[in-house]
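S.K.: Here is how the chains run, residue by residue.
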Amino acid sequence: MTQVLLSLSDVEKHFGRVKAVDGVSLDIVENEFFALLGASGSGKTTLLRMLAGFELPTGGQIVLDGKDVSQVPPNRRPVNLMFQSYALFPHMSVAKNIAYGLEMEGLLRREITARVGEILEVIQLAPLANRKPDQLSGGQRQRVALARALVKRPRLLLLDEPLGALDKKLRGEMQLELKRIQAEFGITFIVVTHDQEEALVMADRIAILKDGRLLQSGTPREIYEYPETRYAADFIGQMNFIPVTRSGDLLFARNGARIGGVIPAEAPEALVAAVRPERLYLDAEAENVVTGTVRSTAYLGLDLHLHLDTPLCDQPLLVRLTADAAEGRDITEGARLTLGWSARDTRVFPA
Amino acid sequence: MSPVKDRKPLYLMTPALAWLTAFMVVPCLLILALAFFRRGIYGGIEYVFTLENLAMVVDPLYARIFLKSAGIAGLAAGIAVVVGYAAAYAIAAMPRHRQPALLFFAVLPFWSNYLIRTYAWIVLLNREGLIVHLFRWFGYEGELPQMLYTETAVVIGLVYNYLPFVILACYAPLSRLNPEVAEASHDLGASQWTTFRRITLPMTVPGIAAGFVFVFVLSIGNFVTPALLGGGQFQMIGNLVYAQFLTANDWPFGAALSMALIAVMMVLLTAQTFASERASGQGGRDA
Numbered sequence: 089m090t091q092v093l094l095s096l097s098d099v100e101k102h103f104g105r106v107k108a109v110d111g112v113s114l115d116i117v118e119n120e121f122f123a124l125l126g127a128s129g130s131g132k133t134t135l136l137r138m139l140a141g142f143e144l145p146t147g148g149q150i151v152l153d154g155k156d157v158s159q160v161p162p163n164r165r166p167v168n169l170m171f172q173s174y175a176l177f178p179h180m181s182v183a184k185n186i187a188y189g190l191e192m193e194g195l196l197r198r199e200i201t202a203r204v205g206e207i208l209e210v211i212q213l214a215p216l217a218n219r220k221p222d223q224l225s226g227g228q229r230q231r232v233a234l235a236r237a238l239v240k241r242p243r244l245l246l247l248d249e250p251l252g253a254l255d256k257k258l259r260g261e262m263q264l265e266l267k268r269i270q271a272e273f274g275i276t277f278i279v280v281t282h283d284q285e286e287a288l289v290m291a292d293r294i295a296i297l298k299d300g301r302l303l304q305s306g307t308p309r310e311i312y313e314y315p316e317t318r319y320a321a322d323f324i325g326q327m328n329f330i331p332v333t334r335s336g337d338l339l340f341a342r343n344g345a346r347i348g349g350v351i352p353a354e355a356p357e358a359l360v361a362a363v364r365p366e367r368l369y370l371d372a373e374a375e376n377v378v379t380g381t382v383r384s385t386a387y388l389g390l391d392l393h394l395h396l397d398t399p400l401c402d403q404p405l406l407v408r409l410t411a412d413a414a415e416g417r418d419i420t421e422g423a424r425l426t427l428g429w430s431a432r433d434t435r436v437f438p439a
Numbered sequence: 110m111s112p113v114k115d116r117k118p119l120y121l122m123t124p125a126l127a128w129l130t131a132f133m134v135v136p137c138l139l140i141l142a143l144a145f146f147r148r149g150i151y152g153g154i155e156y157v158f159t160l161e162n163l164a165m166v167v168d169p170l171y172a173r174i175f176l177k178s179a180g181i182a183g184l185a186a187g188i189a190v191v192v193g194y195a196a197a198y199a200i201a202a203m204p205r206h207r208q209p210a211l212l213f214f215a216v217l218p219f220w221s222n223y224l225i226r227t228y229a230w231i232v233l234l235n236r237e238g239l240i241v242h243l244f245r246w247f248g249y250e251g252e253l254p255q256m257l258y259t260e261t262a263v264v265i266g267l268v269y270n271y272l273p274f275v276i277l278a279c280y281a282p283l284s285r286l287n288p289e290v291a292e293a294s295h296d297l298g299a300s301q302w303t304t305f306r307r308i309t310l311p312m313t314v315p316g317i318a319a320g321f322v323f324v325f326v327l328s329i330g331n332f333v334t335p336a337l338l339g340g341g342q343f344q345m346i347g348n349l350v351y352a353q354f355l356t357a358n359d360w361p362f363g364a365a366l367s368m369a370l371i372a373v374m375m376v377l378l379t380a381q382t383f384a385s386e387r388a389s390g391q392g393g394r395d396a
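So the protein lines, in turn, are chains A and B.
Note that my numbering gives residue 143 to position 55 of the first sequence, counting from 1, and the numbers run on in steps of one.
Note that my numbering gives residue 212 to position 103 of the second sequence, counting from 1, and the numbers run on in steps of one.
I should point out that these hints are in silico values taken from the structure, not numbers from a laboratory.
Among these hints, one or two may not hold up.
[What the hints assert, rightly or not] Computed footprint of chain A on chain B; a stretch qualifies when at least three of its residues, placed anywhere within it, have a C-beta under 8 Å from a C-beta of chain A: (1) 282–291; (2) 294–306; (3) 364–375.
[Stated by the list, open to error] As a list, the in silico DMTMM-like pairs of lysine to aspartate or glutamate whose alpha-carbon atoms are at most 20 Å apart: (4) A:220 with A:193; (5) A:184 with A:156; (6) A:267 with A:255; (7) A:220 with B:289; (8) A:256 with A:285; (9) A:220 with B:359; (10) A:298 with A:272; (11) A:184 with B:289; (12) A:267 with A:206; (13) A:184 with B:292; (14) A:298 with A:110; (15) A:257 with A:299.
[To be verified] Incomplete in silico selection of chain A near chain B, CB under 7 Å: (16) 159; (17) 162; (18) 168; (19) 169; (20) 171; (21) 173; (22) 175; (23) 179; (24) 188; (25) 192.
Note that CB positions come from ideal geometry on N, CA and C, so glycine has one too.
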């Protein structure tokens with residue numbers, strides 16, 4: 089199941105002097121749920137539109153199933169796109185919307201009806217088959233858009249911010265629903281999103297884009313635990329950054345405290361050490377130790393979040409303690425607290 | 110649900126309503142009432158109730174003029190819709206910031222006088238006109254068909270006059286289309302042409318209908334263009350009405366003809382309003 093389905097090599101899209109996508113190379117395997125993650129303007133939507141065929145690359149190659157499809161128009165690619173606006177046909181019923189793509193393939197009426205009925209069951213909208221899109225809720229429209237693209241059984245399904253227009257609760261449900269449908273149909277999904285949490289929950293692999301370039305790709309765990317750049321560390325999840333100075337193999341915070349961590353090769357002198365909030369714990373014996381004053385706390389049931397003013401940096405450290413760990417301790421505003429973290433949880437980046 | 114929202118400022122409509130009632134509805138009703146009276150022997154009106162005038166309207170002689178007018182108006186409206194839709198489509202496909210200027214140029218002819226614009230066509234179409242000269246200049250020496258004072262000239266004049274309306278009517282729904290809807294069709298396997306036929310066109314029918322009815326209604330009652338470009342015969346129903354009031358001095362019959370004409374217009378406009386209201390439920394944009 090690790091057959092490469094889609095291979096991008098050095099794909100570029102320049103609009104005049106603007107490099108929207110700048111030399112992206114990437115392999116995506118069969119049956120993968122892949123997320124293109126980036127802030128707005130990162131080029132993720134342009135990249136997606138090139139995969140769909142709405143934009144032609146100004147350089148590089150897009151190879152699908154061993155064939156170069158870089159210049160193939162959208163209606164001739166075994167690729168379908170679920171649009172961010174859903175782009176349902178307002179003058180057609182739900183069933184007609186879904187049947188449209190099959191009619192374009194010239195299938196028999198009987199087969200079209202059967203396949204439309206089948207997919208309506210999957211998305212649980214069979215009773216609404218004759219409704220028009222404007223008679224549906226946002227969540228229902230989203231599922232019609234998904235069904236309309238899925239029913240064609242494309243080799244590759246592209247989803248542009250598929251959950252962006254839904255409210256938070258529905259978004260959570262649909263994340264799992266999309267994963268279930270992807271597994272059931274065995275179709276490769278590429279999702280474009282700016283929501284790192286969404287990417288972490290849904291995707292098998294994530295690629296982070298910035299300014300049209302691919303920063304890093306890997307499994308959610310790799311990306312979260314081993315960000316390769318400060319940008320990636322900051323973009324994914326929450327991170328504390330502590331400015332440090334390198335002196336030989338040692339790192340020192342601005343108050344002179346030694347910070348243990350793995351220093352990358354050829355590192356400059358000005359660096360920044362990073363540690364996740366959940367990696368800090370109540371322990372004065374750890375490799376890295378810091379004492380500070382609690383500025384604020386937030387109780388979240390399982391977790392206790394707190395801001396700690398420390399001499400390490402101007403920003404208060406964000407700390408996430410489990411409820412168990414915090415049990416019986418005086419963690420209130422103004423309390424003095426000593427926290428530690430281990431050197432292997434410290435990531436070091438150029439400042 | 111606050112009471113303030115429920116109080117609609119209907120009173121703001123009072124001046125417009127009063128104006129229309131006093132200077133439009135009442136005079137029209139007075140004229141139409143004439144249709145039920147007898148024509149005096151030396152012109153004028155004899156106030157004796159009769160249905161003769163209305164019966165005369167359906168006389169084959171006049172019915173034929175009605176049909177012919179409808180034919181010319183329909184042809185003009187059809188041509189205007191095809192030409193106007195194409196222009197509106199092209200404008201809507203331009204970059205957003207260029208569109209206002211293009212629309213301005215499309216409606217520019219409106220800023221000059223209707224009569225002058227119609228006379229201009231006489232200059233273009235007559236036997237020694239610009240078009241004939243153009244043919245001669247290209248070396249064509251043969252016989253050219255009569256262009257001025259024909260039905261064709263009338264249709265050209267009507268299309269020319271009302272084209273800007275059609276462009277505006279078609280541009281409105283076209284510019285509101287979400288471009289992703291056409292892209293979705295393309296993505297699902299449709300060619301550009303199929304996308305136009307099955308998606309773009311059906312979604313913009315309200316604009317086409319509005320444009321068509323507009324040109325048709327204005328054309329069927331028009332009397333200036335047929336009088337100037339059609340050669341002054343009783344070409345269209347508008348000329349007939351004009352003649353009844355101003356030369357034949359048969360106001361009751363003129364009123365009866367007007368009544369029939371207004372009835373046709375009302376039916377069409379009402380149908381179009383209902384149709385576009387039904388279609389507007391489907392919206393132009395997928396919200």
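S.K.: For each hint, tell me whether it holds in the structure or not.
M.R.: Hints and how they fare:
Using a Cβ-Cβ cut-off of 8 Å, 3 residues of the region 282–291 of chain B lie near chain A, which meets the minimum of three, so the contact claim holds. Proximity of the region 294–306 of chain B to chain A, defined as three or more residues with a beta carbon under 8 Å from a beta carbon of that chain, is established by the 8 residues found. Remark: the region 364–375 of chain B is not confirmed as covered by chain A, as 0 of its residues place a Cβ nearer than 8 Å to a Cβ of that chain, below the required three. For the suggested pair residue 220 of chain A and residue 193 of chain A, the alpha carbons sit about 23 Å apart, so the restraint of at most 20 Å is broken.
The straight-line distance between the Cα atoms of residue 184 of chain A and residue 156 of chain A is roughly 32 Å, outside the 20 Å bound, and the hint therefore fails. For the given pair, residue 267 of chain A sits about 18 Å from residue 255 of chain A by alpha-carbon distance, which is consistent with the 20 Å threshold. A threshold of 20 Å between alpha carbons decides the hint, and for residue 220 of chain A with residue 289 of chain B the separation of about 18 Å falls inside it, so the pair holds. A C-alpha spacing of about 12 Å is found between residue 256 of chain A and residue 285 of chain A, which places the hinted pair at or below 20 Å, so the restraint holds.
Our distance criterion of 20 Å between C-alpha atoms is broken by residue 220 of chain A and residue 359 of chain B, whose separation comes to about 55 Å. A C-alpha spacing of about 32 Å is found between residue 298 of chain A and residue 272 of chain A, which places the hinted pair above 20 Å, so the restraint is violated. For the proposed pair residue 184 of chain A and residue 289 of chain B, the alpha carbon gap of about 18 Å is at most 20 Å, so the pair holds. Our distance criterion of 20 Å between C-alpha atoms is met by residue 267 of chain A and residue 206 of chain A, whose separation comes to about 19 Å.
For the proposed pair residue 184 of chain A and residue 292 of chain B, the alpha carbon gap of about 17 Å is at most 20 Å, so the pair holds. Between the alpha carbons of residue 298 of chain A and residue 110 of chain A the distance comes to roughly 10 Å, so the proposed pair stays at or under 20 Å and holds. Restraint check: the Cα-Cα separation between residue 257 of chain A and residue 299 of chain A comes to about 31 Å, which exceeds 20 Å; the hinted pair is violated. Checking residue 159 of chain A against chain B: minimum C-beta separation of about 15 Å lies over 7 Å; hint violated.
Below 7 Å, beta-carbon pairs count as interface contacts, and residue 162 of chain A has one with chain B at about 5 Å; its hint therefore holds. A distance limit of 7 Å between C-beta atoms decides the matter here; for residue 168 of chain A the minimum to chain B is near 6 Å, and the interface restraint holds. Given the 7 Å rule on beta carbons, the hint for residue 169 of chain A holds: about 5 Å separates it from the nearest Cβ of chain B. Hint status for residue 171 of chain A: holds, given a least beta-carbon distance of 5 Å to chain B, under 7 Å.
Of the supplied interface hints, the one on residue 173 of chain A holds, with its beta-carbon coming within about 5 Å of a beta-carbon of chain B, less than 7 Å. Below 7 Å, beta-carbon pairs count as interface contacts, and residue 175 of chain A has one with chain B at about 4 Å; its hint therefore holds. Interface restraint check: residue 179 of chain A against chain B, minimum CB-CB distance 5 Å, threshold 7 Å, status holds. Here the hint on residue 188 of chain A is kept, as its CB sits about 6 Å from the closest CB of chain B, short of 7 Å.
With 7 Å as the threshold, the beta carbon of residue 192 of chain A comes within range of chain B, its nearest partner Cβ sitting at about 3 Å, so the hint holds.
Violated hints, in rising order: 3, 4, 5, 9, 10, 15, 16; the structure is consistent with all others.
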